[in-house]
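Protein chains in written order, with numbering that gives the first Met the number 0: chain A, 0 to 280; chain B, 0 to 280; chain C, 0 to 280; chain D, 0 to 280; chain E, 0 to 280; chain F, 0 to 280.
Hints were generated in silico from the structure; no laboratory data involved.
Mixed in with the good hints, there may be bad ones.
As the list makes no split between identical chains, a pair holds if one copy fits it or if it spans any two.
Straight-line distance between alpha carbons at most 27 angstroms, and here's what the computed DSSO-like set of lysine-lysine pairs gives [unchecked claim]:
| hint | residue 1 | residue 2 |
| --- | --- | --- |
| 1 | Lys-274 | Lys-217 |
| 2 | Lys-217 | Lys-6 |
| 3 | Lys-220 | Lys-6 |
| 4 | Lys-161 | Lys-274 |
| 5 | Lys-6 | Lys-129 |
| 6 | Lys-6 | Lys-274 |
| 7 | Lys-217 | Lys-129 |
Number of protein chains: 6
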Amino acid sequence: MHLADEKIKEFLREDVGYGDITSAALVPMDQRAAAHLYYREPGVASGLEEAALVFTVLGCVARQLVPDGSRVEAEQTLLEVRGPARALLTGERTALNIVCRMAGIASQTAEAVRRAASVNPLVRVAATRKTAPGLRDLDKKAVEHGGGDPHRFRLDDCVLIKDNHLELVPSITEAVQRARRLVSFTKKIEVEVRTLAEAEEAARAGAEIIMFDNMPPKAIKETLGSLDERGLREGRVFEASGGVTLDNIAEYAASGVDVISLGSLTHSVRSLDVKLEIEMM
Amino acid sequence: MHLADEKIKEFLREDVGYGDITSAALVPMDQRAAAHLYYREPGVASGLEEAALVFTVLGCVARQLVPDGSRVEAEQTLLEVRGPARALLTGERTALNIVCRMAGIASQTAEAVRRAASVNPLVRVAATRKTAPGLRDLDKKAVEHGGGDPHRFRLDDCVLIKDNHLELVPSITEAVQRARRLVSFTKKIEVEVRTLAEAEEAARAGAEIIMFDNMPPKAIKETLGSLDERGLREGRVFEASGGVTLDNIAEYAASGVDVISLGSLTHSVRSLDVKLEIEMM
Amino acid sequence: MHLADEKIKEFLREDVGYGDITSAALVPMDQRAAAHLYYREPGVASGLEEAALVFTVLGCVARQLVPDGSRVEAEQTLLEVRGPARALLTGERTALNIVCRMAGIASQTAEAVRRAASVNPLVRVAATRKTAPGLRDLDKKAVEHGGGDPHRFRLDDCVLIKDNHLELVPSITEAVQRARRLVSFTKKIEVEVRTLAEAEEAARAGAEIIMFDNMPPKAIKETLGSLDERGLREGRVFEASGGVTLDNIAEYAASGVDVISLGSLTHSVRSLDVKLEIEMM
Amino acid sequence: MHLADEKIKEFLREDVGYGDITSAALVPMDQRAAAHLYYREPGVASGLEEAALVFTVLGCVARQLVPDGSRVEAEQTLLEVRGPARALLTGERTALNIVCRMAGIASQTAEAVRRAASVNPLVRVAATRKTAPGLRDLDKKAVEHGGGDPHRFRLDDCVLIKDNHLELVPSITEAVQRARRLVSFTKKIEVEVRTLAEAEEAARAGAEIIMFDNMPPKAIKETLGSLDERGLREGRVFEASGGVTLDNIAEYAASGVDVISLGSLTHSVRSLDVKLEIEMM
Amino acid sequence: MHLADEKIKEFLREDVGYGDITSAALVPMDQRAAAHLYYREPGVASGLEEAALVFTVLGCVARQLVPDGSRVEAEQTLLEVRGPARALLTGERTALNIVCRMAGIASQTAEAVRRAASVNPLVRVAATRKTAPGLRDLDKKAVEHGGGDPHRFRLDDCVLIKDNHLELVPSITEAVQRARRLVSFTKKIEVEVRTLAEAEEAARAGAEIIMFDNMPPKAIKETLGSLDERGLREGRVFEASGGVTLDNIAEYAASGVDVISLGSLTHSVRSLDVKLEIEMM
Amino acid sequence: MHLADEKIKEFLREDVGYGDITSAALVPMDQRAAAHLYYREPGVASGLEEAALVFTVLGCVARQLVPDGSRVEAEQTLLEVRGPARALLTGERTALNIVCRMAGIASQTAEAVRRAASVNPLVRVAATRKTAPGLRDLDKKAVEHGGGDPHRFRLDDCVLIKDNHLELVPSITEAVQRARRLVSFTKKIEVEVRTLAEAEEAARAGAEIIMFDNMPPKAIKETLGSLDERGLREGRVFEASGGVTLDNIAEYAASGVDVISLGSLTHSVRSLDVKLEIEMM
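Put together the whole structure using the sequences plus the hints.
Have a look at this one:
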């Protein structure tokens, strides 16, 4: 039994339907097989736990050789599976679809982290809520495997005040105060800003996190400098968001922010090249 | 009521959790708002029906201005929504996550179709089963909106005989015959081949679809020529799969195949740049 | 773990409710029992895998002695179960309800196949989509255990053009062409016809399957003859549907069709007489 | 909104899959249609409420002309539906599968009631728990539409002491007493008996219902006479079960029992001949 | 596998969300731990089976030392668990929330039973349908563990005629007769009364259970006396309901009723003081 | 459509089963009724939105007269419902079970807030995760209606370091640092402490929230004083938890903490006395 069984079964049912008609016709019921899963390019292990579960649900025995989150080589065996040949063939695509996506996210995140860290080892690379519908948990998990920060899981676990909210409230100060009063003390408050004035107001109002929305690295750097001068830098988390790519992430890292978030980590995933090699026994 | 409600509600619950704590704190319960959704780049409409459903579930009124599958301009209004401001803010991310992915798939598919058709107007561009887990239906729908062919929905709706299967059967001929005998007559039989000899055997055995697996366009062209000479081209569907990209798809189209399938259409999606602009009323 | 757990649990919960109050009151918690399941009449094994799962879910150990699809004798032990007496009594009705229906379908199908094959050993006996709501998979599986063809699983796995569709399209030819163009190349196209002219048009248009709808065997035979003369018989599948019963199926088999489909295989099932004999230990 | 939505949607999804590919290809999206549903033989209305819900879920407007449970003529219109032609075609099979089964059960039950009542107008015809898995509620509802008694819904709503239970308890008396003590006072206690002695013991022990299990009508009549002489007939319900058919039900009715139960009402259903006639508009 | 898995998983997911972020950060993945569960006050064991299942789902091994329903001492070990430390910490709150509530209900019920039985050892203490939404089964089970009677599980397992129903029917007699005619013979009929005249009418009409609604113990005693004189006491169950508390339950017990029901057993639960002590290994 | 439909339907199905057999037998199908819901004691409105949804699902029209969270009088009408009499009777218990619990929680919370605020108007009264399984969202919502703080929704939305965690880490300082490094920057970090030394270490380590676990008000006051002297009071949230009751909450409020949390708000709920008065029309 496993808490995530239902989700894995849902994925399998989606791909299998009434049955793998090809394997049922061509593979003897008692034919056994073994398989090993590996990447065809270097990357970060992710989704192996779920892939193992896919095969377990189908009656195979799966052994994960490397913990998710490890950096792995091309051709390195990551997962071994044994069981009925039909089950291996039936689960192959579902397992690969999970690993290809998660490995893609984890590896891309690791690359973003590497580039940012090369400039500023303390900066954190974060994801956003721009995940594939229904895959929030797997997408965020993969980001963590890649060394990234998952950021908010849901609308309910951190306050994030955006321009749409600010239209309805007299000021940032008032907005932060209302949130402080009406939202649980267990939640942090983040405010999106576009100028130094807004950042300053948010900082003074007590926002724990201040997000520079679509501001270029240079402007961020200056703003942080001004805030520092006013004693408003310390004790607060500053996040850069909007327009960040793998190509310019180092510039953002150099700007002095604490966190850089990229929607592309999860909304524009390049699938990793992953292979399940099946051998009949 | 709508057959897809549950899925949409599942997506919403995933993003919302116990509630949009920010909007609940800052937006008056009776504040009304209007929103319009548009792309910030040209593309193909997709996911608008689902996005409308997101807002309907939350108690808004949504009007879709353009049918999914239409080619649309940057900045063109595609969906209008009216309702409680809290509902619009709460549904925003879920709706956008759906549209960004589907629009990305549809637009990328349309581009693949355009490139292939420029060489061979009759060739069909197809997806594969390499979709995001849980999103098979939306991913395939988006492919169709882009003018592509969804290919197999599941393991149960078409026979596809691969090398793993062939290891267990004396010959392609025998494999096709077994499938013909044991699988419903309502299903087509497709066989993966790598050489002319295999293609010829599959054709003679009665396979309705023959897939050239990882064969370069030139080899495909020659193979098709040889099959034609032997009277084995007519009445069968030939598919090229493996290694196809937007860059080389025209070469595959020129090879004379009927179908070109690309896993990347759904496994490596570039999110389209989509915006929901909300105005308080 | 098993992919079909949830369905089996749903069936059990439906029958059990909050608990088997009779057994809870009269059977000691640690009382063990053994049971064996058998038919009281000869037939075809079907539903044994699901019955075993019922008892496994309830904490028993079940051993299936005969594969589903085998022809079995009256009184032959098909399944052995051991476990807590309460569990055996609680699962009895659910297991039997599954087996009685599936065994009934499989055995009736086998009889239809026997009668058709006595005249034409190559003819295929097929089911329809007239299954009990929620039981499509089990009903179709039972048909296959009886040697029948499941036919379409769903509306999405084969095109079937009926008179209602033809009302909206200029001609059968046009209908087949549109379906060919708009539906995935992985799907076959079937057309319902009532006359030779329609059959001829469907065949020339490229329909892979042609269904004679409610045509008497004699008319079918003549039509097939005429099609053969015109070179339209070969390479196509012809199906007889409507009005077929166990009594007249041999006549249909003699008409020369490839497939005979009967809704009654699944819509009017006679439950087989199945018994679970429980012994206290 | 409707409490049974989810079940109806589950039935639809089972039949539709990713979509009605035939109608999507051939029927224009804005084509409207009307349909009416009728029986092709006389019977009892049943399943109309659920059929209406099928079409409502798909966006049609359905009007039920006759309440479920009414006796209806062949060709009488029972349900009218209007809506998108695609929706009508998509929902047709699901709606018919529900009505065919429920109408079959209701009509067969009504016939059993008629035959029993012709001899003994007070006797009650009851179903059993031998229903199709997952369809307990619809099957029992159909029995009630036909004028029958649903009997136990589940294992938790009435005690029924069978021979398997009696093996584990010293006597019927002891069994009834234990059940009385350990089961809620809101539940009736029924005991299966095979002889006068057992019936007498059950009656004296306080069983509210006594079931004659597989006893011929003559033996039942004699037993009831003997019980009456001993003052044990009055105030108890006597049920005949096992071996009852439409052919011999009148004999059971003549035996003087209060209730006659038949598993065949729900385990061996003959589908009624029902038609949905669709007209394009 | 276990029939109640899904519910337990639902409870866990509700409490855990995407993960126990604290334990994931601080507890090494391979750290093992053991735990034992005990009450900090004497009471009745309840919910231990479910608590064990919580930990089993999370991959631990749980051993229940005492059957639910046993009277247990403060500090007595009731459940032992071993497994990954993370799993124990993650499941702690869910397991405790179940046990605290069920133990509270069971223990309070046992106290009510003790007080009632001190006056009348035969009287039954019953719950009502006033349970926490979604917890009907666990709440009723806990009542039974405490020696109480669960009363109706649902609206479908016993007829209960209340004043709202009587407004629509000419008389109690007529109401009972209609229920007798229209409801399955397997269900008992209970009538709520407020006066001797109503009780007499209900008894003569054949109600199996008569509930004195909000009548003081003295009035109940007199009414039962009068019914006894008229020969209407014997063979019927009399229930007192409304206004019963732990303080006055003995007076109701002394009134001679067969059943005393208290909504407070399940609607106003005092959580028992339960502790899970975790030791790292 | 409504995001919470499924939960409400689950609650209804739990109470209704196959149907309200009493109302079906006694209430004509076309009988209409009206109902109004009120408290029989003063309190805080809560659960009205969900109660309205119960009746909407059953086909009634419900109008909420007072927003949840309002203070209301005894006998004040809070909800009006109109619809089929059967539907009102069927939904009554489910609606009341929801409102009784939520109103009980909200009203008890409001009383706790009143007592705490009488001493310290700025102190916040918070719930815990000790909610009824499956009812986390409704329980927390009710706490908010009563003016309380919901505290953590789940294990994933705030770090809370307890003694079990500290056993595995060298020091509080190290634990906070690890959490800071390994958990998303969007989460706050709370530490449970028992002494001034621990509190001081937690504060210096950067914990945003410090919980005094089972410390008496006097000790808390002294500790806060000492922390203040060391400049560690400002900018941190201090919470008192463990052993707080309505009787001593004012003392805790006087101790100077920012938050006082009580498990009893949700684990030991006294149901409010709520009535649904139904009138036939």
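Check the structure against each numbered hint from earlier and tell me which ones fail, lowest number first. 2, 3
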